[in-house]
Amino acid sequence: MKTEKVFHNDRYLKSLDATVLDVISKKDRIEIITDRTIFFAEGGGQPGDRGTMYLTEDETKHVDIYDTHDSGESVAHYTNSEHVPFNVGDKVTMELDWTFRFSNMQRHYGEHILSGAIYKLYRGTNRGFHMGHNYITIDIDLDGKIMDTAMMKAAETLANEAVWADMPIQAHCFNSVEEANAMPLRKAVNEKVEGSVVIVTVGDPADPFDCCACCGTYPSTSGQIGIIKIFKAESNKGMTRIYFDCGRNALVHYQESHRILTDVAERFSSKPEDLIRTLDKRDKEESELKAERAHLAEYFRTAEATALALCAAAPNDKLVYRAYSDISPNELQKLGFKALDLIERDNKPLLALACSPSGTLMLVSDGSYPCGKLVKENVKEYGGKGGGRADNARAQFDNDDDLKAFVGAIAQKL
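Under the numbering used here, the letters of the sequence shown match residues 1 to 414, in that order.
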């Protein structure tokens with residue numbers, strides 16, 4: 001079975017009648033083979049087309065096509081419908097999801113034009129291409145050199161100038177690789193390729209803006225690509241990986257980015273063009289506030305540590321317990337070590353400091369009392385959990401009564 005790929009002759013045909021040649025059931029899908037198709041089969045980095053297919057004499061009998069792939073000389077139309085209301089020999093009508101197809105045409109050939117611009121400016125070679133849902137990527141080889149911001153801006157500008165020039169995009173079919181490689185290609189066709197080769201040019205074929213082998217669909221003029229927008233770039237295996245998009249997808253990306261920018265600017269009571277300056281000012285203010293907070297925290301910690309040290313002045317006190325409602329567990333640990341430094345007696349006590357709202361208890365010592373061991377061996381008996389080191393440990397309890405009972409038990413063991 002062989003499927004005639006009508007889309008090669010008419011890329012703008014949105015509907016077509018065909019005859020069903022086969023209906024093949026697979027594990028996760030059903031494949032429909034027809035004698036001809038306008039659905040592009042996935043290839044060359046471009047996704048397969050999607051759309052609908054219905055019985056020509058009865059439109060109520062239809063299926064959705066979610067993907068299209070080559071299958072030998074045939075084209076398989078994928079559907080996940082549980083039942084396909086077609087039989088071999090039936091006449092069907094297929095209709096493209098044209099928005100999806102045209103967007104892919106814009107993205108596919110936008111990639112060609114951007115690659116062509118980079119080749120013209122820097123002789124960079126496109127070594128990899130991926131058309132994802134949210135962006136397209138290309139990997140540009142410049143013999144180890146990584147493109148900088150100025151280079152990318154220049155390439156983006158030149159690519160869009162090629163779009164604005166609305167140049168014709170034309171396909172040229174050659175019977176051999178040798179003939180194809182006689183064209184002014186930016187990337188030679190592999191000599192192992194067999195059969196005919198299609199070369200697509202942008203602009204005058206004698207002196208094209210871009211000239212490259214292509215098996216996908218493309219608009220008739222460069223102006224239909226609309227826009228080419230680079231989002232970012234990064235180093236990847238000694239090459240520059242560029243993230244970008246074209247046409248409708250680039251517009252959607254810009255609309256969403258602009259919405260986010262406007263919302264953020266309004267949240268900071270700023271105009272979008274003043275946002276960076278506003279954020280710089282806010283960062284400075286936050287830095288000053290953090291420094292002030294750190295100073296106040298140290299002042300408060302010293303005062304509390306001094307009070308704790310006074311409470312632990314009695315030489316026979318082995319454990320000192322204090323509960324706080326406004327100090328975090330991490331701050332309690334710092335407070336404990338600060339207090340131990342201020343306690344002048346040789347046999348320093350074990351400090352049991354609680355954060356009442358969270359049911360957290362911090363044990364802190366100078367190593368004389370094994371904090372981690374005390375928690376590990378006793379905490380489960382009181383419905384808690386935790387652990388730690390010899391000089392500090394943390395225990396967590398569901399309620400304050402269990403926490404206090406644990407502290408009482410620890411005091412008896414010291």
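Keep in mind the hints are simulated off the structure, nothing from the lab.
It is possible that some hints are incorrect.
Using 30 Å as the maximum straight-line C-alpha spacing, the simulated DSS-like pairs for lysine-lysine come out as follows [to be verified]:
{"id": "1", "residue 1": "K91", "residue 2": "K120"}
{"id": "2", "residue 1": "K237", "residue 2": "K281"}
{"id": "3", "residue 1": "K26", "residue 2": "K61"}
{"id": "4", "residue 1": "K376", "residue 2": "K338"}
{"id": "5", "residue 1": "K318", "residue 2": "K232"}
{"id": "6", "residue 1": "K237", "residue 2": "K290"}
{"id": "7", "residue 1": "K5", "residue 2": "K120"}
{"id": "8", "residue 1": "K232", "residue 2": "K192"}
{"id": "9", "residue 1": "K145", "residue 2": "K187"}
{"id": "10", "residue 1": "K27", "residue 2": "K61"}
{"id": "11", "residue 1": "K373", "residue 2": "K404"}
{"id": "12", "residue 1": "K26", "residue 2": "K5"}
{"id": "13", "residue 1": "K404", "residue 2": "K376"}
{"id": "14", "residue 1": "K192", "residue 2": "K237"}
{"id": "15", "residue 1": "K120", "residue 2": "K187"}
These numbers come from a predicted model, not from an experiment.
Hint check:
no., hint, result
1, K91 / K120, "49 Å, violated"
2, K237 / K281, "38 Å, violated"
3, K26 / K61, "21 Å, holds"
4, K376 / K338, "24 Å, holds"
5, K318 / K232, "62 Å, violated"
6, K237 / K290, "40 Å, violated"
7, K5 / K120, "33 Å, violated"
8, K232 / K192, "35 Å, violated"
9, K145 / K187, "19 Å, holds"
10, K27 / K61, "22 Å, holds"
11, K373 / K404, "18 Å, holds"
12, K26 / K5, "23 Å, holds"
13, K404 / K376, "16 Å, holds"
14, K192 / K237, "26 Å, holds"
15, K120 / K187, "12 Å, holds"
The structure is inconsistent with the numbered hints 1, 2, 5, 6, 7 and 8, although it conforms to all the rest.
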